[in-house]
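With these hints in hand, go ahead and build the complete structure from the sequences.
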Amino acid sequence: KQEVTQIPAALSVPEGENLVLNCSFTDSAIYNLQWFRQDPGKGLTSLLLIQSSQREQTSGRLNASLDKSSGRSTLYIAASQPGDSATYLCAVTSYIPTFGRGTSLIVHP
Amino acid sequence: DGGITQSPKYLFRKEGQNVTLSCEQNLNHDAMYWYRQDPGQGLRLIYYSQIVNDFQKGDIAEGYSVSREKKESFPLTVTSAQKNPTAFYLCATGRQQATEAFFGQGTRLTVV
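Heads up: the protein sequence lines correspond to chains C and Y, in order. Going by this note's numbering, the first residue of the first sequence is number 1, and it counts up by one from there. Going by this note's numbering, the first residue of the second sequence is number 1, and it counts up by one from there.
Just so you know, nobody snuck in bad clues.
Calculated cross-link-like contacts (lysine-lysine; reagent style BS3-like; alpha-carbon spacing at most 30 Å):
| no. | chain 1 | residue 1 | chain 2 | residue 2 |
| --- | --- | --- | --- | --- |
| 1 | Y | K57 | C | K1 |
| 2 | C | K42 | Y | K70 |
| 3 | C | K1 | C | K42 |
| 4 | C | K42 | Y | K83 |
| 5 | Y | K83 | Y | K57 |
| 6 | Y | K71 | C | K42 |
| 7 | Y | K71 | Y | K9 |
| 8 | Y | K57 | C | K68 |
| 9 | C | K42 | Y | K57 |
| 10 | C | K1 | Y | K71 |
| 11 | C | K42 | Y | K9 |
| 12 | C | K42 | Y | K14 |
No lab work stands behind these hints: they were computed from the structure. Keep in mind that this is a model prediction, so the values were computed, not measured.
In C-alpha cells:
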C-alpha cells in the first residue's frame, strides 16, 4: 500500500526566504505526483503535476522535482511571500491519489 | 462555468440521522472521488468511481454509501453507522483513472 510522508509538518519563515518542502513515498510505481495548496476551510488548488516520465515542473516561483527511484519529490518556493501562507499537500497516484499529511507554512512579513 | 460544485458548504446533523453531500461536475470527467479530512491529517479516501454505475470502497468506507447513476454526479451519504462523522469532506474528479485530480471547495459536516 502506498504511503506518503511530508516533512516538515510545519514551517514558519520570514518573507523573502527560499523554501524546500519534502515529500517521500514508498511505492515507486506511480503515474504522477501532484502538489496542492490548501487555504483554511477551502478545497485544494493544484499547483504542479509531474508525470512519472518527467523530472521536474516549474510555475512562476514554484519548482517541483521528482526522483521516482528514491521515492522523493521536493517543492521549491523561491522568494517566499506572506500570501504563500497555506498548507501544501503532496499526492502520489499509483492507482488513485494518495495524500501526505501536508506542510503548514507561515510566511511572516 | 466549468468545475466541481459541492453543496452545501456547511451541514449540521443530529446524531442518528443520515445526510447526503452533493458533488456535481461539468468537466466530463470519468473518475470521481470522495475524501475525508480531519485536523492535522491528510486526506483519506472514502469511495471512488471510475465509470457510471460502478464504484469501489476506499480505506474508510464504513458508515458511508455512494451512488453513480450519472457521469456528472457522485453523492455521498453519511449514515448513522458512521461513528465520528464530523469532518471536512472533499470531492475530486479526474479525466480518467490515475490522471490529474481536481477538487471542489468541500463540505464541512458537524454532528450536533
